[in-house]
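Listed in order, the protein sequences are those of chains A and B. Remember, our numbering sits 565 above the position in the first sequence when you count from 1. Remember, our numbering sits 60 above the position in the second sequence when you count from 1.
These are computed hints drawn from the structure, not numbers from a lab. Hints are supplied without guarantee of correctness; some may be wrong.
[What the hints assert, rightly or not] Below, in silico cross-link-like pairs of lysine-lysine (DSBU-like), each with a Cα-Cα straight-line distance of 35 angstroms or less:
#1 522/B x 664/A
#2 522/B x 770/A
#3 478/B x 532/B
#4 521/B x 770/A
#5 600/B x 739/A
#6 161/B x 771/A
#7 812/A x 563/B
#8 569/B x 787/A
#9 687/B x 400/B
#10 677/A x 687/B
#11 677/A x 746/A
#12 563/B x 639/A
#13 161/B x 791/A
#14 616/B x 375/B
#15 684/B x 638/B
#16 714/A x 626/A
#17 536/B x 739/A
#18 791/A x 687/B
#19 600/B x 771/A
#20 687/B x 626/A
#21 750/B x 621/A
#22 569/B x 651/A
#23 536/B x 618/A
Computed from a predicted structure; not experimentally measured.
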Amino acid sequence: MKTLKIVIVATLIMVAGFSANAQLTGTEIVEKAYNRAAGDDQTSMLTMTLTNKQGKQRVRKISQFTKDLGDIEKSIMFFQSPADVKNTSFMSWSYDSDKSDDQWIYLPALKKTKRISSDSKSDYFMGSDFTYDDLGDRKLEADTHNLLKEETIDGNECYVVESISKDEDYMYSKTVTWIIKDSFIGYQKEFYDEDEDLLKILSIKKYEETSGIFVITNSEMKNVQKDHKTSMVLSDVEINTGVSASKFTERMMTRGL
Amino acid sequence: MEKLLNKFLKTPWIIVAATIIISALFFMQMKENTRMETDLDKYMPQDHPAFVYSDQAEEWFGINDGIIVAIENQKGVFNTATLDTLKQLTRRLQKMDEIEKADVTSLYTADNIVGTEDGMDVKAFYKSVPSSEEKLNEIKLNVENNEMTFGRLVSFDETVTVIIAEIRDDVFTQEFYEEILSLVDEYETSDIKVHVAGRPIVEGTMALLGPADMKKMVPIVLLVITLVLFVMLRSVKSTLLTMSVVFFSTLWVFGLMAVLGIPIYAVSTMIPVMLIAIGVADGIHLYSHLQLFLRKNPTATKKEASVDMIKHMWKPVVMTSITTAIGFVSLLTSQVYPIKYFGIFTAFGVLMAMVFSLTVIPAGLMIFGLPKVKAAKKGGDLESNLAYGFATKILKRRSASIIITAVIIVISIVGMQKIWINSSFLDKFEKDSDIVLTDQFINSHFGGTTSLNLVLDADGKKDAFKNPDVLKLVEKMQNKVENDLEIVGTSFTLTDYVNRMNKVMNADKEEFNVIPDSQDMVAQYLLLYEMSGDPENLNKVVDYDYEKLNVTFQLKSDNSKAINSTLDVIHEFEDDFKKQGISMKYAGSGYKGLVFTDLILEGQIMSLVLSLFIVIILLSFMFKDIKLGLIGAVPIIVTALVSFGIMGFLDIPLSTTSALLSSIAIGIGIDYAVHFIEQYRTNSLKTGDKVLAAQKTMAHSGRAISYNAIVVITGFLVLLFSVFPPNRELGALVSLNMFTSFVGTVTVMLVLLYSSNVYFKKKK
């Protein structure tokens with residue numbers, strides 16, 4: 566069954582790639598990028614390196630699990646290092662509907678799990694330069710998408726799509742994304758702030774094919790206004806290993822790995 | 061020398077033409093290349109350890125001076141109109157080129173992190189401006205319950221809310237200030253008032269206002285001096301030629317600065333002041349001599365008169381100018397570049413004034429002819445009689461001069477004990493000026509407009525500031541400083557975030573508003589804050605490795621007494637921190653200003669002492685007698701002491717400008733002394749009579765010195781009408797110094813000269 570599924574997914578990707586020559590609209594391109602197959606679950610080790618203006622770094626190792634349950638995507642993360650935050654865990658449930666995410670944090674020193682409610686998706690993820698939205702939480706309908714041009718960067722043929730926020734108070738006035746034609750991977754993305762000044766640049770350094778699915782394993786987000794950057798490197802990526810849905814509970818958070 | 065000068069007499073036109081052509085060239089250079097330096101950071105010695113560290117710390121923590129925009133509404137700020145104004149002003153400030161978007165802080169940009177029964181809640185206070193009563197009330201409650209914002213971004217009485225916009229170095233200009241003011245103006249309504257304050261505004265206004273006021277006042281000073289000079293010399297030609305010496309020497313100085321690409325600093329505006337005071341002296345002495353010569357020899361030709369003038373006067377003019385110039389050159393010992401430049405260029409100006417006095421003035425005589433002088437009246441003229449009488453009286457009551465001088469010195473020394481140094485900028489403005497009133501207004505509603513940054517440095521020991529013991533000590537220090545000193549409004553650092561997170565994670569219970577006991581707990585709270593708040597906030601208080609901490613104290617005054625008293629309390633904790641391996645350092649503009657002022661004064665006192673020694677040695681060589689060197693230094697010493705003594709009694713703090721004035725005391729004091737001693741020497745040798753020599757000297761040099769003093773004193777008293785208080789102080793102190801030097805020379809110095817018997821030894 567699993568093999569069949571992969572074959573289907575792979576075929577779909579291929580079909581998507583071949584049909585790219587058809588006249589796709591900006592919205593269609595972004596939709597394909599958003600809906601790019603990611604597998605039902607994923608396990609990986611994330612090494613997040615924050616680099617500040619002075620070139621100093623903070624390195625955090627996190628093991629993470631995500632599972633797509635149809636209309637809910639659940640993820641859980643356990644900090645492995647630095648030592649003083651080991652076993653701090655974070656869980657989030659994000660919904661396909663308009664409902665805002667549910668988030669929990671467990672602090673081992675406090676021995677309590679706490680709910681975090683936040684009205685804003687523009688929160689920065691783990692103190693990095695990525696917001697939750699940047700990591701894929703953005704809804705397709707939130708922006709108006711226009712295909713600007715087609716361009717080849719680093720040998721990749723890309724669509725260049727501009728996405729303008731419909732909500733004026735949103736932290737980005739617009740983003741411009743270079744989406745690789747055959748894989749629909751967002752290869753590079755520029756984020757413009759409320760005043761339409763360039764704020765951040767996301768670049769993909771490396772992506773790998775695991776179980777027939779493209780996984781971005783090395784990406785870097787640079788905040789050009791603050792001269793601050795975050796690199797995210799994934800290792801030990803495993804896809805569709807059948808992570809149990811029962812892993813994503815408050816009780817599991819307190820257990821650690 | 062004399063021969064050369066006499067040769068020049070044959071070619072007066074060439075002298076004048078050459079002077080004018082070179083001046084014109086300098087003027088063109090000035091027009092093209094002169095620039096003002098308003099960035100105060102540029103004044104500071106970049107390699108001084110305190111500045112090096114401060115600059116680094118400013119970089120680590122993003123410490124910048126902030127412009128404070130305060131929005132006031134007597135009906136309270138939690139209404140649609142005020143919150144809308146706050147949002148719009150925040151956005152407009154963020155869009156300005158001089159301001160980094162992320163460096164604008166207000167209720168609109170702030171996060172509200174609150175504890176709930178089962179967790180925590182991170183929200184902006186508002187994004188779109190609310191209009192419903194219910195929403196407005198919610199914002200009000202949120203602000204009141206958050207100690208990170210209540211009293212910091214919104215005043216406790218809820219009538220004022222502030223926007224803090226940090227600006228980049230080197231961007232403050234008149235245009236920027238006006239842009240801010242007009243921006244703010246747009247939002248004023250009958251209910252809403254908007255005020256602008258903060259150190260960049262104060263610094264910028266001062267850097268612009270001082271020189272601008274000088275520009276306005278100097279022509280008036282020059283005009284008054286010209287008028288008084290005319291009254292004294294009773295000749296248009298003489299007056300204009302004397303003033304041309306001042307004019308040309310000033311022009312050459314600024315021309316040369318322009319050629320060498322040296323910008324005009326605030327202290328450079330003191331150069332014309334010095335040159336006016338010193339430059340007129342040579343002319344006055346020359347003309348005074350000429351007049352006396354013509355009275356005795358009414359039939360002399362202009363050539364004869366000029367030759368005689370040069371013969372008798374070139375020596376004292378050269379001597380005074382060289383000693384004065386060397387006095388200014390001693391300022392090269394200062395560590396502060398603008399002061400070094402000030403010293404060297406004033407010295408250059410003084411020497412140029414000497415050259416012009418000895419060339420242009422005689423050339424002028426040759427071209428325009430001699431000034432008209434009334435022939436001596438029968439029975440001697442009034443002035444000479446006065447001078448003779450005065451000299452006689454002084455010499456009769458020799459002990460009176462000595463005793464009075466001694467008493468004045470003692471009183472001055474008492475006054476000097478009270479002198480204090482002030483690096484404040486605000487104190488330089490009128491008490492009722494907008495800038496001072498706005499500052500007071502904001503200080504009365506918030507922590508304070510002046511920041512003092514304490515940097516605690518664990519010297520590379522990572523995670524030192526996650527240690528609860530260290531954090532508790534930091535908090536203890538914060539509390540002590542805040543409680544002991546009324547001048548300190550608030551303080552802010554990592555402890556505030558840790559306390560807040562502890563409280564939030566414990567359902568907002570007040571008893572958890574403390575530092576937790578476990579280091580892991582601290583680390584986890586900080587991680588949580590990074591994940592939920594703006595991580596940039598933490599970067600402003602602690603570095604990436606948690607080994608350097610920035611504690612910001614908000615002070616309600618920027619004067620040195622306030623800053624020093626805060627430093628004193630902080631220092632009580634130095635040993636405790638040392639035990640933890642943590643050292644204390646400081647950063648920020650307030651602290652740098654303090655160190656800078658100390659540096660200036662230290663250099664000033666050094667150069668004062670140094671130049672005093674040089675002057676004594678020079679005078680001793682010139683007059684070939686160490687006694688005369690010492691006697692000549694007496695008026696200088698008295699002038700400096702009186703000047704500092706009066707500042708002490710009148711509570712005028714030493715600042716960069718008032719300290720520089722000690723140079724003028726020396727410059728002028730030497731002039732008077734040298735002219736007087738030289739004349740006394742000539743007269744002693746000529747007459748061989750002690751009393752007659754004194755009387756003749758008084759009638760000659762004493763007269764010229766009094767003219768000089770009257771002219772400059774009247775001129776500088778004009779500065780008392782200046783709109784900029786430091787310039788008023790300057791006017792008063794220059795006048796005072798002139799007066800003391802004059803009185804000192806013709807009384808106590810005369811008495812000492814007389815009693816020392818220097819020129820009468822052989823006869824005994």
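Going through the hints against the structure:
1. Under the criterion of a C-alpha separation no larger than 35 angstroms, the hint pairing residue 522/B with residue 664/A is inconsistent with the structure, at around 42 angstroms.
2. In summary, the hint linking residue 522/B to residue 770/A is supported, as the alpha carbons are separated by about 31 angstroms, within the 35 angstroms threshold.
3. A threshold of 35 angstroms between alpha carbons decides the hint, and for residue 478/B with residue 532/B the separation of about 39 angstroms lies outside it, so the pair is violated.
4. Between residue 521/B and residue 770/A, the direct Cα distance comes to roughly 34 angstroms. Compliance with the 35 angstroms bound is thereby established for this hinted pair.
5. Only pairs whose Cα atoms come within 35 angstroms are accepted, and residue 600/B paired with residue 739/A is accepted, the gap being roughly 29 angstroms.
6. As the CA atoms of residue 161/B and residue 771/A are separated by approximately 32 angstroms, the hinted pair is consistent with the 35 angstroms bound.
7. Annotation: proposed proximity of residue 812/A to residue 563/B holds, straight-line Cα distance about 30 angstroms (limit 35 angstroms).
8. For the proposed pair residue 569/B and residue 787/A, the alpha carbon gap of about 39 angstroms is over 35 angstroms, so the pair is violated.
9. Between residue 687/B and residue 400/B the CA atoms are separated by roughly 31 angstroms; this keeps the pair inside 35 angstroms, and the hint holds.
10. Taking the CA atoms of residue 677/A and residue 687/B, the gap is about 88 angstroms. The hint is violated against a cut of 35 angstroms.
11. Annotation: proposed proximity of residue 677/A to residue 746/A is violated, straight-line Cα distance about 47 angstroms (limit 35 angstroms).
12. Restraint check for residue 563/B and residue 639/A: the C-alpha separation of about 29 angstroms stays at or below 35 angstroms, so the hint holds.
13. Taking the CA atoms of residue 161/B and residue 791/A, the gap is near 10 angstroms; set against the 35 angstroms cutoff, the hint holds.
14. Only pairs whose Cα atoms come within 35 angstroms are accepted, and residue 616/B paired with residue 375/B is rejected, the gap being roughly 56 angstroms.
15. Our distance criterion of 35 angstroms between C-alpha atoms is broken by residue 684/B and residue 638/B, whose separation comes to about 59 angstroms.
16. In summary, the hint linking residue 714/A to residue 626/A is not supported, as the alpha carbons are separated by about 38 angstroms, beyond the 35 angstroms threshold.
17. At most 35 angstroms may separate the alpha-carbon atoms for a hinted pair to count; residue 536/B and residue 739/A exceed this at roughly 47 angstroms.
18. Between the alpha carbons of residue 791/A and residue 687/B the distance comes to roughly 68 angstroms, so the proposed pair goes past 35 angstroms and is violated.
19. Distance hint between residue 600/B and residue 771/A is fulfilled; the C-alpha atoms sit about 33 angstroms from each other, no more than 35 angstroms.
20. Distance check on the hinted pair: residue 687/B and residue 626/A sit about 82 angstroms apart at the alpha-carbon level, beyond 35 angstroms; violated.
21. For the hint linking residue 750/B to residue 621/A, the alpha-carbon distance of about 81 angstroms lies beyond 35 angstroms, and the restraint is violated.
22. For the suggested pair residue 569/B and residue 651/A, the alpha carbons sit about 26 angstroms apart, so the restraint of at most 35 angstroms is met.
23. For the given pair, residue 536/B sits about 31 angstroms from residue 618/A by alpha-carbon distance, which is consistent with the 35 angstroms threshold.
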